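Chemist: Read top to bottom, the protein sequences are chains U and B.
Position 18 of the first sequence, counted from 1, bears residue number 18 in the working numbering, the numbering being contiguous throughout.
Position 182 of the second sequence, counted from 1, bears residue number 182 in the working numbering, the numbering being contiguous throughout.
Hints may contain errors.
[Claimed, not checked] One side only, chain B facing chain U, incomplete, derived with CB under 8 Å: (1) LEU3; (2) LYS106; (3) GLU194; (4) LEU220; (5) TYR227.
If you're looking for bench data, these hints aren't it; they were derived computationally from the structure.
Nothing here was measured: the structure is a model prediction, and the numbers come from that model.
Where is the CB? At the ideal position from N, CA and C, for every residue including glycine.
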Amino acid sequence: MSAKDLLSHKLIDDIVPEPLGGAHQMHEETARNLQNALNKHLSALEKLDRDELVNQRYERYRQMGEFKEA
Amino acid sequence: MNLYSLEFEKPIQELEKQLEALRQKATEQEIDLHVEISQMERKVEETKRSIYLELTPWQRVQISRHPKRPYLLDYVAMIFENFTELHGDRRFGDDKALIGGFAHLKNGNGKTRKVMLIGHQKGRNTKENILRNFGMAHPEGYRKALRLMQMAAKFNLPIITMIDTPGAYPGVQSEQRHIAESIALNLREMSLLEVPIISVVLGEGGSGGALGIGVSDRVLMFENAYYSVISPEGCAAILWSG
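Okay, chain U solo, but in the shape it has when bound (with noise of 0.2 Å):
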């Protein structure tokens, strides 16, 4: 499963930018962009309270997954 399909199934939370042609091609930009997605995430969880961080964690992998009733 690509990274676009899982994120439309909200199955992960975000998707990191290669360069062109893949992360190989470069490696110093594919650096800065996870640099920089590592600490926008961290910053956003660093002001939830710690049960607020477990709960929203439990709430994630209980909303996984979609069904249809037949």
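Go by the hints and put chain B onto chain U.
Modeler: Quick look at chain B alone, frame taken from chain U:
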């Protein structure tokens, strides 16, 4: 090594070669070819776009496994400081396919953030790959990961896990030391840790091998990474085993 080594990258490789030949001709014979060169450069760029913006799933898998793709230790060198690797699961041994330790994540403004960094490490050549077991961890790897994550929780450090594995190692020794239990325990314990956890799929996200360090508050994926319940080859082996 050529950066365009995959089958579907042949047209790019061919054009780059022509471009290089043009440049050489221009310098050697001291003639002005800059019109031809810039035309060729444009053509290379257009070809790249037409190929890379329309990648098929299998082409993406090939990119995710590219031997020149950056691995965990490459990111350590580029965006982390003071990586202090910790070894061993305190039960059996040290797994070189799944490594971790304290690190400082740079934020780009000269500041850093203390984190616990854990992830799979692949090798670039045969010797390295034997050491790293092709990024396929044994139970002791997952137990070490859990040990480090619990240590992070004790010190109130956020956890970053980097996933890059075709799967957990499916061998006799893995079963003898109970790979299923080691991964299952990680799933349960990771859901209870009281520190932020972020996972990133760097290249290959192979099933349980990925999930064993992948229960997180945020799961990120690189554009050309894949994350699946089984590697494409593993799936094909089951579907067409008869």
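Chemist: Sort out which numbered hints this structure fails and list those numbers smallest first.
Modeler: none
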